[in-house]
Each structure stands twice: as C-alpha cells, then as structure tokens.
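Residue strings, one per chain:
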Amino acid sequence: MDAAAYPLGTVLKLIDSDLVTPPTRRALKARLQLPQVEAPRFFDDQAYAMLGAVCARLIPQRERRAAVDLPGLLDARLADGDGDGWRYATMPRGAVMHEYGLMGLEQTAEATFGSSFVRLSGDAQDAVLRAVQSGGAVGAVWSLMEPARYFEELLAQLVDIYYAQPLALESIGYAGMADARGWQAIGLDQRDAHEPAPLAALEGAA
Amino acid sequence: MTHALHPAPAMRHYPPGETVDAVVIGTGAGGAPLLARLAAAGLSVVALEAGRHWSPERDFATDETEQNKLYWTDERLSGGEDPLAFGKNNSGIGVGGSTLHYTAYTPRAQPDDFRLCSDFGVGADWPIGYAELAPYYDELELFLGVSGPSPYPWGPARGAYPLPPLSLNAPAQLMARGCESLGIRTSPAANAALAAPYYQEGFGWRPACTNRGFCQAGCSTGAKASMDVTFIPLGIGAGAEIRPECFVTSFERDTAGTIVGVVYVENGAEQRQRCRHVFLCAGAVETPRLLLINDLANASGQVGCNFMAHTGLQLWGQFEEMVRPNKGIPGGLISEDTHRPADADFAGGYLLQSIGVMPLTYAGQVARGLGLWGEALHAHMAGYNHTAGINILGDCLPANDNELVLSDELDARGLPKPLIRFTNGDNEHRMTAHAERIMRRIWDAAGAGEVWAFPRNAHTIGTCRMGADPSKAVVDADCRAFDVPNLSICDNSVFPSALAANPALTIMALSLRTADRFLQTRGKAESAL
Numbered sequence: 000m001d002a003a004a005y006p007l008g009t010v011l012k013l014i015d016s017d018l019v020t021p022p023t024r025r026a027l028k029a030r031l032q033l034p035q036v037e038a039p040r041f042f043d044d045q046a047y048a049m050l051g052a053v054c055a056r057l058i059p060q061r062e063r064r065a066a067v068d069l070p071g072l073l074d075a076r077l078a079d080g081d082g083d084g085w086r087y088a089t090m091p092r093g094a095v096m097h098e099y100g101l102m103g104l105e106q107t108a109e110a111t112f113g114s115s116f117v118r119l120s121g122d123a124q125d126a127v128l129r130a131v132q133s134g135g136a137v138g139a140v141w142s143l144m145e146p147a148r149y150f151e152e153l154l155a156q157l158v159d160i161y162y163a164q165p166l167a168l169e170s171i172g173y174a175g176m177a178d179a180r181g182w183q184a185i186g187l188d189q190r191d192a193h194e195p196a197p198l199a200a201l202e203g204a205a
Numbered sequence: 000m001t002h003a004l005h006p007a008p009a010m011r012h013y014p015p016g017e018t019v020d021a022v023v024i025g026t027g028a029g030g031a032p033l034l035a036r037l038a039a040a041g042l043s044v045v046a047l048e049a050g051r052h053w054s055p056e057r058d059f060a061t062d063e064t065e066q067n068k069l070y071w072t073d074e075r076l077s078g079g080e081d082p083l084a085f086g087k088n089n090s091g092i093g094v095g096g097s098t099l100h101y102t103a104y105t106p107r108a109q110p111d112d113f114r115l116c117s118d119f120g121v122g123a124d125w126p127i128g129y130a131e132l133a134p135y136y137d138e139l140e141l142f143l144g145v146s147g148p149s150p151y152p153w154g155p156a157r158g159a160y161p162l163p164p165l166s167l168n169a170p171a172q173l174m175a176r177g178c179e180s181l182g183i184r185t186s187p188a189a190n191a192a193l194a195a196p197y198y199q200e201g202f203g204w205r206p207a208c209t210n211r212g213f214c215q216a217g218c219s220t221g222a223k224a225s226m227d228v229t230f231i232p233l234g235i236g237a238g239a240e241i242r243p244e245c246f247v248t249s250f251e252r253d254t255a256g257t258i259v260g261v262v263y264v265e266n267g268a269e270q271r272q273r274c275r276h277v278f279l280c281a282g283a284v285e286t287p288r289l290l291l292i293n294d295l296a297n298a299s300g301q302v303g304c305n306f307m308a309h310t311g312l313q314l315w316g317q318f319e320e321m322v323r324p325n326k327g328i329p330g331g332l333i334s335e336d337t338h339r340p341a342d343a344d345f346a347g348g349y350l351l352q353s354i355g356v357m358p359l360t361y362a363g364q365v366a367r368g369l370g371l372w373g374e375a376l377h378a379h380m381a382g383y384n385h386t387a388g389i390n391i392l393g394d395c396l397p398a399n400d401n402e403l404v405l406s407d408e409l410d411a412r413g414l415p416k417p418l419i420r421f422t423n424g425d426n427e428h429r430m431t432a433h434a435e436r437i438m439r440r441i442w443d444a445a446g447a448g449e450v451w452a453f454p455r456n457a458h459t460i461g462t463c464r465m466g467a468d469p470s471k472a473v474v475d476a477d478c479r480a481f482d483v484p485n486l487s488i489c490d491n492s493v494f495p496s497a498l499a500a501n502p503a504l505t506i507m508a509l510s511l512r513t514a515d516r517f518l519q520t521r522g523k524a525e526s527a528l
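Heads up: the sequence lines are chains X and D, in that order. All residue numbers for the first sequence refer to numbering that gives the first Met the number 0, where the first residue is 0 and numbers rise by one. All residue numbers for the second sequence refer to numbering that gives the first Met the number 0, where the first residue is 0 and numbers rise by one.
Same shape as in the complex, but just chain X:
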C-alpha cells in the first residue's frame, strides 16, 4: 500500500512554501480544490454509474491518500471538449467513443456473466475489462469499434487525470513541483533536502 512508501503530507506542506513558484501553486491549489462532481454534464446517469465502477477497477483508490474524482473529471473534460491533439483515425470521436465503449463493456458483461457490469463482483469486472483490453470481448458494439483501442484510450485518459493530482504524485515520492530554487542533488542516490525519502529508508536508518 502506498501509505508505507513515502511520508504523508509532504506535498501539501511544500505547496504553501516558497519552494513552489506562484504559477505552480495556483495550478496545484486549483486542482486540489475542485469540488466532487454532483451531476454529470456529458454522461447520462446510467453510463456515469457504469464509468464509476470501471474507474474503481482500473485505478483503485481504497487505502490511498489521493481521492481523485476520476469519473467526474473525465466527464468535465469531455463536456468541455478538451482534447490532446489527436485520435486514432479508426476510432470514433470522443463522445461516440465513450458511448460505444461503455455500451460494449455492458454487452460483454451480460454475454459473459449474464449480469450488468455494475452488479458483478470485482473479479468478474476485471475479467470483462481484460477481455476488452485483449481485444477478444464479446458484444455487438465491438464490431463497430476496436475494443483494445478503446481500453487504451480510456486507461490513458484516467491515468492522465489521476497522476495530475498532487497527492497521487506524493504517493510515488515525487516533489518536482517544489523547484523554485532548482535542484542541486541530481546524481544517483542523491536527494535534495526537501525531497521526501522513502519511509523504509528512514526506518532502516533509525
């Protein structure tokens, strides 16, 4: 579990210090203060519930310090039309892609387990997701869109949202945002004073 890897609270403390530049602080604080999305603007309620269940398997957050509203932030991106500059020519536009994709996941769940995705056990949900990722998923929708490409797009978007969160970055021991004075200790096994050391190393030293 990530709680054991790097100390808690380092990034929040750094953000308020003069080791973080004003534009960096503005960007990070704005992201930390985003409210949980109450009502989706892009997805309908059924698709949104389904997306929530998918997110919980792809990037599980139980026992993790960052609580990232993955479905809410993906919904916001799609509603605002934020793109990353390209898409696979064989894939439909973002709106249609997710409509097809979530419908396809549901069809695969029904065909494989005779149940809606949201009612399946975690293990069964994972089996559905693995089938889509490997391209071998059952479901009529998948004849309209490559399942493996959809999985790649969905996962890449969620990962991009998750690791944008300062607390998710803290969990992997990253303090790169605190570079207002630059870095001096850039070689192997070196650490600048305000970078967090792994807890195991601290315990080992004690």
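Computed list of chain X residues with no C-beta within reach of chain D, every gap over 12 Å:
| no. | residue |
| --- | --- |
| 1 | L7 |
| 2 | A78 |
| 3 | E98 |
| 4 | E105 |
| 5 | T111 |
| 6 | S120 |
| 7 | V137 |
Chain D is faced by these chain X residues, among others (derived, beta-carbon under 8 Å):
| no. | residue |
| --- | --- |
| 8 | V158 |
| 9 | Y162 |
| 10 | L168 |
| 11 | Y173 |
| 12 | G181 |
| 13 | I185 |
| 14 | L187 |
| 15 | D188 |
| 16 | E194 |
Calculated directly from the structure, the hints in this document are not laboratory data. Even glycine gets a Cβ: it sits at the ideal position worked out from N, Cα and C.
Take the given structure of chain X and dock chain D to it, following the hints.
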C-alpha cells in the same frame, strides 16, 4: 526578477493595409531565426503566430497538466499501421512554437546524413549538404549558448561549444555505467540550455539552468534557448512585429499567382496583411495542411507526401538506486557510435541518449505501452523515483504510403482536419530491433530491472520536400516554392530525409540560410533595376 532584467523592447506595429516586405507564418525554429535576420537587414516584417505570447516566469507552472497550453491540441487523425501521437509528443503552439517544449537537444546532423541515397541507394539526398549548413551550426551554437563537450567525439572537426556540458543527472550516469562496461563510447550531450549565465543579444542575461528537468513542458527561467528568449526578442528589437493569436486561413493572389496578402483570423474576425513575400514556417503538419486547403504550391502533387517520423524507441528500467528522473537536463548523455554501425542490416543509423522523464508523461506511457491497471499500475508507478530510460533517435526513410491528406472531418473553424498515415517500413523495423538489442544490453549491464520498451516515433518531418526537380519537390534548395513567385517554406516540412539527429538545430540553420539566400537574391534583383 526577469521582468526588470528583460523589459520587452518596444515593438513596432504595421497597419494591415501597409504592404510589408515579409509575412512570416509561425514563430518556431523555422520562422523565428529568419524573421530576426530579415528585420536586421532592414526589411519590414510581420510574424503571424496562432498561439499566445507567454511570459515564462509568470505563466509557466511546474505542472504537466497546466502546461498542456504549450501543445497544439486541435485534433488530428492518426492512421496507418503505426499511428502517431501528436499534441505533446511533437507539436507546439505559442510564440516560440515547438521550441517552447523541445528538450533542448541540439546535436548536429553529420555530413553523410545528407546523402543517404548516394550512400545506401534508398531514401533521398539533400540538394544542399553539411558544408552549406556548418557555418550556421557554428553561429547558432554561439548565439543560443549551447552547452556541450569540446571536442565533440563524433563527426567532422569543429570549434568548441561556447559553454561546458551540463551536469549529468542519474539517468545519464546509469547509461554511462552500462555503456562503459560494453565498450560503447559516450559523452555529455550538447544541449541548448545554459551551463552558466549567458548574455543574449536583444534580450539580456539568461540564467544558468537550475536542473528543473521540465524542458518538455516549458522552461520558466529562460535557461533553455527557446525562440521566445532568443531570436524573437532579437527580431522585435530590429523592428519586426510579432502578432500572436492570429490563425492564417488563406492567401490573396494577383493574376500572376503572386501572393499579395495573407488572410488570418484574430479574435474571431478576419484580417488581411498585405505583403511582398511570405515565409511559411508552420511545421510539417500545419504547413502542408494550409497549402492543401488553398491548393497552393502543389503543381508537383508532392505537398503532403513523404511524411517521416524518427525512430524513437524508448527503453525504461528501474534501478536499486534512487534516480528521481524528473531532475536535470533530460537528455544528459549521448552516444553516436551507432551512427553507422558496422553490423547494421539497415540504411542510415541512430544516436543513443539517456532520458529522464516527468511523472505524468511516464504514467501515460505505462498506460499505453504496458497496459497496466489496478494494483499492478500502482505497484509499477511506486518505482517512478527509481526509473531511467534510454532513447534512440534514428533516420526514417520517406515512403509512398506515409502522407498527410485532408480528411472529410471539419474542425471548429470549419477547416478540414489533417489525416496523417504513418507505417514504419522494413528499414525502421530493422534499425529499431538493432537498437533494442544494444539498449537492453546497456540496461542489463547498468543493473536495471523491470525493463520494458515503449515503441514510438518522434518529430514531424517531410511533406514539402526540398529538391532540384520541380516535378518531384515543392521547394528548391533555397526553400523557395517552385510554383509561387514569392513564397518560401522553412520548417521541418522541407526535409528530404529525416537525418539521424534531433531536428531543431538543423531547422534553425536552414532558417538563417533561407533568410540569407533571400536577401542575396533580393539584393541582386534590386541592383539590376
């Protein structure tokens, strides 16, 4: 504070109704050097840039998501068997263009890169060669303040870099360790980021690099030689006008086909700038797209053809030692021992470089390349601080099926989105396989675990080929369009072959040469009157 050190020079403004000597479209590595050169020669110059004019210290955050504003995010369609990622992978926007997010890697191309067809019977030769560009490489390295090793271990003899190399970060040290045990020569790389404070003509003092490691998401200090802290202020000081947030859509031409005005959209309203000459420098996607939309300069049918992207395989590994790959210049170490490997079963060659990486970029590669999710994703990312990479940058042959065309989908402006088809050929596959074998040996020797390869192609190249034959090329050796009397094209689109070197320095060299050749022929035309 840099605001006090670098007061923006008062910028001259030209009324759109005035006929200026030159309109430059795009302000990256292709447009910025030539606009400064033309202005310094006394020409009236207006540069139209689609993006904003940022103040790095005020506007650039050490945060990858916030810095998405530096990437061209209008949607492009990626086809072929190896569809390319655009946006942050290779396409910038803003005054400075893609140099706002380039890694500052500035190796020179080598002489044999320009004659691939003569040496191997495949690909294309350039109509100019190393000899024509070498004086510009010299000038640029001095002007930009390139930090690098002297002497440089590969290629022809040359003068010393103006600054010593930057300090090696942990990925560079690891690659040095692995290569040393295998007998592969390495050297600190040449980077256009400052090892010491440097006086920039037209701008003032630029500070030494502070090892932020965020080059690919924008340098907030001015240590990296992006165009906005080098040629752009030089050009403004010489009288050029930079007009940001202006998106060019079409051209006005007279009955002889000469361009008399450039049409662009600013704040939602259409504007026109009258001019005597146009320099189109919008990069290897937007340049051909604009020409195709306007059916311009394409009597050869070559606009959009021969799209290339460097072989760019990345090999990642995790090490026992703490690496913290976000720190230091990302490409600290180079080897060009693989420029023409003795055991090659392919044409051309590649260079090897160490790479650091920002966390969100790495996580995105893990998602797309490894497909990890759930607890396996968390477990892998927990090793981020122990991650280091090696990257290749290799030649890519032009191929018939690799091309840019207009799709039938329209963007928000009502213009067709570009469709780029790209498939690696046999030569790229063999080169990449050769590289992966060597890179795995290096990483094994350096002690890496969790080694994995991320297949990738880098940069956008080709689509408006330079050549001697108007039936097979779009521009001549001076980058002048064959079919339009007063149009020059200068960016990575004119490259006839990809070159086994990162393109920015060579684009800038071409840009200065294009300006000088233009001024020489213009001088002759005037004295003949």
